[in-house]
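Participant: With the sequences and hints as input, model every part of the structure.
So you can see what is in the structure, the chains are spelled out below.
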Amino acid sequence: MNSANSVGIVTPQHAVFEEPLHLASGETLPSFTLVYETYGRLNQAKSNAILICHALSGHHHAAGYHHEDETKPGWWDSCIGPGKPIDTNRFFVVSLNNLGGCHGSTGPRSINPSTSKLWGPDFPQVQVSDWVSSQARLADHLGISTWAAVIGGSLGGMQAMQWSIQYPDRLKYCLVIASAMDLSAQNIAFNEIARQAILSDTHFHEGRYLEHDTNPSQGLALARMVGHVTYLSDDAMASKFGRDLRRGSFDKSVTEQVEFQVESYLRYQGSQFSTSFDANTYILMTKALDYFDLACDFEGDSVEAFKQAKAKFLVVSFSTDWRFSPRRSREITDALIAAGRSVSYAEIEAKEGHDAFLMPIPRYLDVLSAYLSRVAEECA
Amino acid sequence: MRLDLTQIQKWIPKAARVLDLGCGDGEFLATLRHERQVSGLGLEIDANNITLALQKGIDVIEQDMDRGLDNFPSQSFDVVVMAHALQVLHYPDKVLEEMLRIGAEGIVTFPNFAHWRCRLHLGTRGRMPVSKFLPHSWYDTPNIHFCTVKDFEALCKQRGFRIQKRALVSEGSLTRALSKVWPNLFATTAIFKISR
Numbered sequence: 006m007n008s009a010n011s012v013g014i015v016t017p018q019h020a021v022f023e024e025p026l027h028l029a030s031g032e033t034l035p036s037f038t039l040v041y042e043t044y045g046r047l048n049q050a051k052s053n054a055i056l057i058c059h060a061l062s063g064h065h066h067a068a069g070y071h072h073e074d075e076t077k078p079g080w081w082d083s084c085i086g087p088g089k090p091i092d093t094n095r096f097f098v099v100s101l102n103n104l105g106g107c108h109g110s111t112g113p114r115s116i117n118p119s120t121s122k123l124w125g126p127d128f129p130q131v132q133v134s135d136w137v138s139s140q141a142r143l144a145d146h147l148g149i150s151t152w153a154a155v156i157g158g159s160l161g162g163m164q165a166m167q168w169s170i171q172y173p174d175r176l177k178y179c180l181v182i183a184s185a186m187d188l189s190a191q192n193i194a195f196n197e198i199a200r201q202a203i204l205s206d207t208h209f210h211e212g213r214y215l216e217h218d219t220n221p222s223q224g225l226a227l228a229r230m231v232g233h234v235t236y237l238s239d240d241a242m243a244s245k246f247g248r249d250l251r252r253g254s255f256d257k258s259v260t261e262q263v264e265f266q267v268e269s270y271l272r273y274q275g276s277q278f279s280t281s282f283d284a285n286t287y288i289l290m291t292k293a294l295d296y297f298d299l300a301c302d303f304e305g306d307s308v309e310a311f312k313q314a315k316a317k318f319l320v321v322s323f324s325t326d327w328r329f330s331p332r333r334s335r336e337i338t339d340a341l342i343a344a345g346r347s348v349s350y351a352e353i354e355a356k357e358g359h360d361a362f363l364m365p366i367p368r369y370l371d372v373l374s375a376y377l378s379r380v381a382e383e384c385a
Numbered sequence: 106m107r108l109d110l111t112q113i114q115k116w117i118p119k120a121a122r123v124l125d126l127g128c129g130d131g132e133f134l135a136t137l138r139h140e141r142q143v144s145g146l147g148l149e150i151d152a153n154n155i156t157l158a159l160q161k162g163i164d165v166i167e168q169d170m171d172r173g174l175d176n177f178p179s180q181s182f183d184v185v186v187m188a189h190a191l192q193v194l195h196y197p198d199k200v201l202e203e204m205l206r207i208g209a210e211g212i213v214t215f216p217n218f219a220h221w222r223c224r225l226h227l228g229t230r231g232r233m234p235v236s237k238f239l240p241h242s243w244y245d246t247p248n249i250h251f252c253t254v255k256d257f258e259a260l261c262k263q264r265g266f267r268i269q270k271r272a273l274v275s276e277g278s279l280t281r282a283l284s285k286v287w288p289n290l291f292a293t294t295a296i297f298k299i300s301r
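In order, the protein sequences belong to chains A and B. Oh and the first sequence: position 24 is 29 in my numbering, straight run, nothing missing. Oh and the second sequence: position 93 is 198 in my numbering, straight run, nothing missing.
Keep in mind that the hints were calculated from the coordinates and are not lab data. Take these hints with a grain of salt, some might be off.
[Stated by the list, open to error] Partial list, computed: chain A residues near chain B (C-beta under 7 Å):
#, residue
1, Asp339
2, Ser347
3, Tyr350
4, Asp371
5, Arg379
[To be verified] In the BS3-like style, the derived pairs of lysine-lysine whose C-alpha atoms are separated by at most 25 Å in a straight line are:
#, chain 1, residue 1, chain 2, residue 2
6, B, Lys298, B, Lys270
7, A, Lys77, A, Lys245
8, A, Lys122, A, Lys292
9, A, Lys315, B, Lys161
10, A, Lys177, B, Lys298
11, A, Lys292, A, Lys77
12, B, Lys237, B, Lys262
13, A, Lys315, B, Lys119
Just so you know, these numbers come straight off a predicted model, no measurement behind them. The beta-carbon is built from N, C-alpha and C at its ideal position, and this holds for glycine as well.
Facilitator: Take a look at the structure:
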């Protein structure tokens, strides 16, 4: 554990909601649990709370450490902590694991109360709007009527935007990072490849792998590998791996099979992921991504959608991000401009591709700090 | 604040919606917000300036106006300001057209290239003018489209822009007086308020 500028040791908490949640699909979740963490202190007026919405494979553990001997902090520790852009000296930060997740919130690995069996593949397909509804319940639970800001990157940015039109009065600021108002066909295509990798694994058993005491590890690993490539840029991969070999040689006298560094890296990432993530959750989360369409209730008109919003917006993109390209962020910005909303937009020069939104890139942190100091002045 | 900005401020109605093209560090919009209660939005391409503007609580969009402004709806602002940016644009005439599509009025300021010092410099030395105000050499200057007060007025006439107001700024009381008589010779900075 590195305690410099860290929120330190954090303990996940659970909130249980007994009131049924009516989902966008028409189904109803009779009750549910959300696991979450908080950093910093809620002020007396309860006006300094920030909600962090996680991306595809994220969870509630966004900052700090669970144990003294943990070496890796939460997934957004570069941004959340004392003196960091999301400054826990000023803000009360809430980060949760979304419904359908596999890190402690109700999801495919939970028991279906009506059958007393694992939900598995029968867990209802939740959508971004359902996540936002459940997050609003969590806000109620914590006594927070209005967030100072809702912040998210990628799929998290979709939740932040959805907040602004679903509960316009419940957030002052909305920070949308490396996101889009809907996925492109190319983007859906990558998700479908990932899903097919899982579905075609013989250990998948139509989603009932836990009952079969097995795991579609190969499929999950493949899904992660293809996803991971799309989160990196060509330049980032070139500088990280180039054509370096991990084993073997192109020398004719060497018989050992050639293995590129990038192959080994991807396999490692894939296998790590397959032991820590649930296949049904991966399918559910990628579908939530695919189904999201900010303007679907507004006849496809995103300007009309954003006219519902009252929050002020910051939109951020990264130059080499091709999965959620700057063009997609400019579409968000332009819709907000046309809707007459308060909006700022920054396009960060970064070589890391989509992954840049998780990286401590100096200009990115500067932009977030500058904008959030305004949020703090108004709210904290 | 720069002289031209002090002048522009007087021309901006209270509580106006102002778009500032090339807003720099946001100081001008911050002043306008304080003095005139405007709601402002800036356009800027310099990373440091964008951060400085955000720190002041100014909304700023990272966008190169040479690549078009068609993402701004027609008549969505009361005033569109462009201070000392005309001469760095690739398509100054197109940006002026866009300013008057987006805003009811446009305010433009630019360095007057027909100022007597420029003329003297070019006339006697035969070299492109370099001064405190225009410190770049010809090969590394961002200023690629210099014009004079007369040039600008000719463009306005050709494109049908109405000149609502004109102010000519110069330093020192003598040149200020002279610039009232011979603006194209004695004004260092020209400020125009234009409309359709």
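Participant: Given the hinted pair Lys122(A) and Lys292(A), is their Cα-Cα distance within 25 Å?
Facilitator: Status holds; Cα separation ~23 Å.
Participant: Given Asp339(A) as an interface hint, is the shortest Cβ-Cβ distance to chain B below 7 Å?
Facilitator: Holds, about 4 Å.
Participant: Holds or violated: is the Cβ of Ser347(A) closer than 7 Å to a Cβ in chain B?
Facilitator: Hint on Ser347(A): holds, closest Cβ of chain B at ~5 Å, below 7 Å.
Participant: Would the hint linking Lys315(A) and Lys161(B) be met if the CA-CA limit is 25 Å?
Facilitator: Cα-Cα ~21 Å, so holds.
Participant: Would the hint on Asp371(A) be counted as holding, given a Cβ-Cβ threshold of 7 Å to chain B?
Facilitator: holds, 5 Å
Participant: Sort out whether Lys270(B) lies within 25 Å of Lys298(B), counting only the CA atoms.
Facilitator: holds, 5 Å
Participant: So, Arg379(A) near chain B? Judge it on the closest CB pair being under 7 Å.
Facilitator: holds, 5 Å
Participant: Holds or violated: are the alpha carbons of Lys237(B) and Lys262(B) at most 25 Å from each other?
Facilitator: Since the Cα atoms of Lys237(B) and Lys262(B) sit roughly 32 Å apart, the hinted pair is violated (cutoff 25 Å).
Participant: For the pair supplied as a hint, Lys292(A) and Lys77(A), confirm whether the alpha-carbon distance does not exceed 25 Å.
Facilitator: Distance of about 29 Å is beyond 25 Å: violated.
Participant: Let's test the interface hint: is any C-beta of chain B closer than 7 Å to that of Tyr350(A)?
Facilitator: It holds, given that the least Cβ distance between Tyr350(A) and chain B is near 5 Å, below 7 Å.
Participant: Checking one constraint from the list: CA of Lys315(A) to CA of Lys119(B), max 25 Å. Satisfied?
Facilitator: Within the cut-off at roughly 23 Å; holds.
Participant: Straight-line Cα separation of Lys177(A) and Lys298(B) no greater than 25 Å?
Facilitator: Given that 25 Å is the threshold and the Cα spacing comes to 36 Å, the pair is violated.
When held up to the earlier numbered hints, the structure conflicts with 10, 11, 12 and fits the remainder.
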